[in-house]
Amino acid sequence: MSTLILTVATVTATQAHGGETAGLPQLDMSTWPSQLFWLTVTFGALFALMATHFLPRIGGMIEERRDRIADDLDQAAEFKGQAEDAQNAYEKELANARGKAQAIASDTRAGVGAEINTLHAEMEKTLNADIDAAEKQITAMKSNAAQAVREAAIDTTQAIVQALLDEAPSRDAATAAVDAVKI
Amino acid sequence: MMEYGVSNFKAAGPMEQFEVTRIVPLSFGDLDVSFTNSAMWMVIGVSATLLFFLFATRGRALIPGRSQSIAEVLYEFVFDLVRDTIGPEGRKFFPYVFSLFIFILVANFFGLIPSLPGMPHALHTFTTTSHLIVTLALAMLTIAIVVVYGFYKNGFGFLKLFAPSGLPLWLMPLLVPIEVISFLSRPISLAVRLFANMFAGHIILKLFAGFVISLIGAGGFISLLGIAPFLGAVAVTMLEFLVAALQAYVFAILTCIYLNDAVHAGDH
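In order, the protein sequence lines correspond to chains A and B.
The numbers in this note's numbering rise by one with no breaks, and the one at position 115 of the first sequence is 115.
The numbers in this note's numbering rise by one with no breaks, and the one at position 4 of the second sequence is 4.
No lab work stands behind these hints: they were computed from the structure.
Note that beta-carbon positions come from the ideal geometry of N, C-alpha and C, so glycine has one too.
Have a look at the derived ranges for each label pair, beta carbon to beta carbon:
no., chain 1, residue 1, chain 2, residue 2, range
1, B, F151, A, A77, 46 to 52 Å
2, B, M172, A, R66, 47 to 53 Å
3, B, S165, A, D74, 42 to 48 Å
4, B, D84, A, E64, 20 to 26 Å
With the hints as extra help, turn the sequences into a complete structure.
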């Protein structure tokens with residue numbers, strides 16, 4: 001295909017210039033040294049500066065960015081770890097606090113219960129003592145009253161007999177008589 | 001021919017754009033190394049490239065700006081190309097492949113800049129890669145690197161390139177010459193492919209443009225027909241932009257493939 005292009009081009013070239021120039025400018029060997037010389041100079045300069053300066057620079061920039069991104073990701077992971085640790089610590093602390101609170105609550109509850117029981121028992125004892133005392137008093141009062149009634153009955157008996165017979169019976173007789181009457 | 005404004009421009013022949021003109025005559029002894037329009041466009045292309053890279057890398061910004069992004073995209077594009085084709089050993093060839101790619105790309109693109117009408121020929125746009133001697137020199141440089149590095153790295157194992165393993169012995173006399181011929185034709189095909197693409201593209205462009213001038217110059221109704229080659233020239237220009245980039249890429253990737261042979265010849 002390139003041969004075809006060359007042929008066509010040569011024909012066109014000779015036609016265009018009416019055959020005044022000798023064919024293709026590309027095949028004019030007198031220009032080759034100059035082209036090769038300047039190609040060497042320019043391409044050499046391009047290569048030298050690219051290889052020593054620009055490419056390492058760009059490579060460095062890309063590397064730097066990649067490192068930076070990796071660093072940032074690492075740091076983010078580290079921060080995430082720290083956050084998770086903090087979360088764990090917080091939860092642990094929370095659980096501890098909750099346990100402590102429960103312990104305090106149950107201790108308090110037990111303490112209060114014991115106190116209540118003590119107070120209860122004391123109160124009961126006092127009340128029982130009071131009740132006992134009252135009962136004793138009642139019994140005493142009851143026996144006193146019975147005695148008094150007996151005394152009164154005896155006195156009354158003596159008085160009635162005095163009034164009826166005009167003769168006062170002895171105390172013993174009256175007592176015996178009163179005791180004989182069992183209600 | 002009617003006197004028409006445009007007809008004052010003489011349509012240049014399609015070959016004129018390839019003519020090398022001396023600007024500053026120079027010589028090394030008998031060797032003529034004059035500064036020509038070709039040399040000027042090489043200098044323009046390389047200077048523009050270097051200035052661009054100087055500008056693009058001045059900031060070393062962590063978040064790249066526009067020019068730095070372009071430089072980085074070019075870098076990574078060629079870097080990936082070299083790494084994918086040659087492997088990790090390809091790193092040392094990266095600056096060469098990158099310079100080659102950029103040089104050809106810029107030369108091809110700058111050749112598409114329209115010339116200002118009425119300028120002296122020496123100042124017309126010139127496509128340095130449309131000259132076979134330039135592309136051949138670049139291709140020979142690549143092949144020279146392949147041969148030198150191939151022998152340096154693999155010793156005589158490099159010659160295994162011409163005798164693929166796993167072949168029956170009786171096929172060798174047939175196959176080895178074929179491989180040798182294919183190896184020898186590499187620089188030719190590499191050089192001619194780029195040269196012919198640039199050359200043909202610019203001839204077609206100039207032919208279309210010449211038709212436009214001729215048709216308008218004819219005057220009357222025929223002038224209107226000039227729109228057809230004009231549209232053709234626009235279409236070919238767009239195609240040439242594609243070709244310019246594509247040929248630079250093809251040159252670079254073939255260079256990588258040949259370098260890969262040099263690096264891995266002994267592994268066959």
